[in-house]
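Asker: Protein sequence lines correspond, in order, to chains A and B. Going by my numbering, the letters in the first sequence line up with residues 1 to 115, in that order. Going by my numbering, the letters in the second sequence line up with residues 1 to 116, in that order.
Incorrect hints may have been included.
Derived contacts from chain A toward chain B, CB cut-off under 7 Å, selection only [stated by the list, open to error]:
1) 67
2) 90
3) 97
4) 101
5) 105
6) 107
7) 108
If you are wondering where the hints come from, they were derived from the structure by calculation, not from laboratory data. Since the model is a prediction, treat every value here as computed from it, not as a measurement. Backbone N, C-alpha and C fix where the C-beta goes; we use that ideal spot for every residue, glycine too.
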Amino acid sequence: AQSVAQPEDQVNVAEGNPLTVKCTYSVSGNPYLFWYVQYPNRGLQFLLKYITGDNLVKGSYGFEAEFNKSQTSFHLKKPSALVSDSALYFCAVRDAGTGFQKLVFGTGTRLLVSP
Amino acid sequence: DTGVSQNPRHKITKRGQNVTFRCDPISEHNRLYWYRQTLGQGPEFLTYFQNEAQLEKSRLLSDRFSAERPKGSFSTLEIQRTEQGDSAMYLCASSISSGMNTGELFFGEGSRLTVL
Numbered sequence: 001a002q003s004v005a006q007p008e009d010q011v012n013v014a015e016g017n018p019l020t021v022k023c024t025y026s027v028s029g030n031p032y033l034f035w036y037v038q039y040p041n042r043g044l045q046f047l048l049k050y051i052t053g054d055n056l057v058k059g060s061y062g063f064e065a066e067f068n069k070s071q072t073s074f075h076l077k078k079p080s081a082l083v084s085d086s087a088l089y090f091c092a093v094r095d096a097g098t099g100f101q102k103l104v105f106g107t108g109t110r111l112l113v114s115p
Numbered sequence: 001d002t003g004v005s006q007n008p009r010h011k012i013t014k015r016g017q018n019v020t021f022r023c024d025p026i027s028e029h030n031r032l033y034w035y036r037q038t039l040g041q042g043p044e045f046l047t048y049f050q051n052e053a054q055l056e057k058s059r060l061l062s063d064r065f066s067a068e069r070p071k072g073s074f075s076t077l078e079i080q081r082t083e084q085g086d087s088a089m090y091l092c093a094s095s096i097s098s099g100m101n102t103g104e105l106f107f108g109e110g111s112r113l114t115v116l
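Throw the hints in and build the complete structure from the sequences for me.
Answerer: What follows is the structure, encoded as structure tokens:
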């Protein structure tokens, strides 16, 4: 069964500094990996995904993530954080080999960007 | 607004009552999903439809829960004999199938259930 771990409940970073939100995963086959963001009183919004190909994927709002197969990680990064990036971030994984559509989410990491 | 729409946004009910939530997906999306989210947790998969066919259902899902998508458009999620543990945010999402089946999910804003 697939699973996702987000080891940090909260990440604090100053505006203008780089940010990293960590995610590790476990699947029996090849992973499809996703990052979603949730703003207060808003639905989950898709940020980016890794399916195959280049290990560095770029997404919305200047975010990017790096797929590392040997470390089974998919950390979310941004070179320069904005206060408006403050939100709840979820990593999710699907097992590409099963044919099932079930997406398994982590518990989320709250990002707080201070001015 | 052409996003995923969920109704009602909030529902307060007494234990033992039945509740029904409705989801209207993005019109061209043939896949529809239901998830449940409790405080401090990520969304938990409940069930998945492709068109009108319910293809996946969580083994953890109680038989008090039932979902339908009769015409392959909107979907309903019914919870019978509600319990306090059913209190959560119920999320609906839709996507469009592609050759690689890797379409991202588009989520609605959710329906919050409180069982007293």
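Asker: Each hint: holds or not?
Answerer: Going down the list of hints, with the structure as the test:
1. With its C-beta approaching chain B no nearer than about 14 Å, residue 67 of chain A sits outside the 7 Å limit, and its interface hint is violated.
2. Checking residue 90 of chain A against chain B by beta carbon gives a least distance of about 5 Å; that is within 7 Å, so the hint holds.
3. Hint on residue 97 of chain A is violated. Least Cβ distance to chain B is approximately 12 Å, over the 7 Å limit.
4. The interface hint given for residue 101 of chain A is met, as the beta carbon of that residue sits about 5 Å from the closest beta carbon of chain B, less than 7 Å.
5. Look at residue 105 of chain A: its Cβ gets to within about 3 Å of chain B, closer than 7 Å, so that hint holds up.
6. For residue 107 of chain A, the shortest C-beta to C-beta distance to chain B is roughly 5 Å, which falls under 7 Å, so the interface hint holds.
7. The interface hint given for residue 108 of chain A holds, since its Cβ lies 5 Å from the closest Cβ of chain B, which is under the 7 Å cut-off.
Checked against the numbered hints given earlier, the structure breaks hints 1 and 3 and satisfies all the rest.
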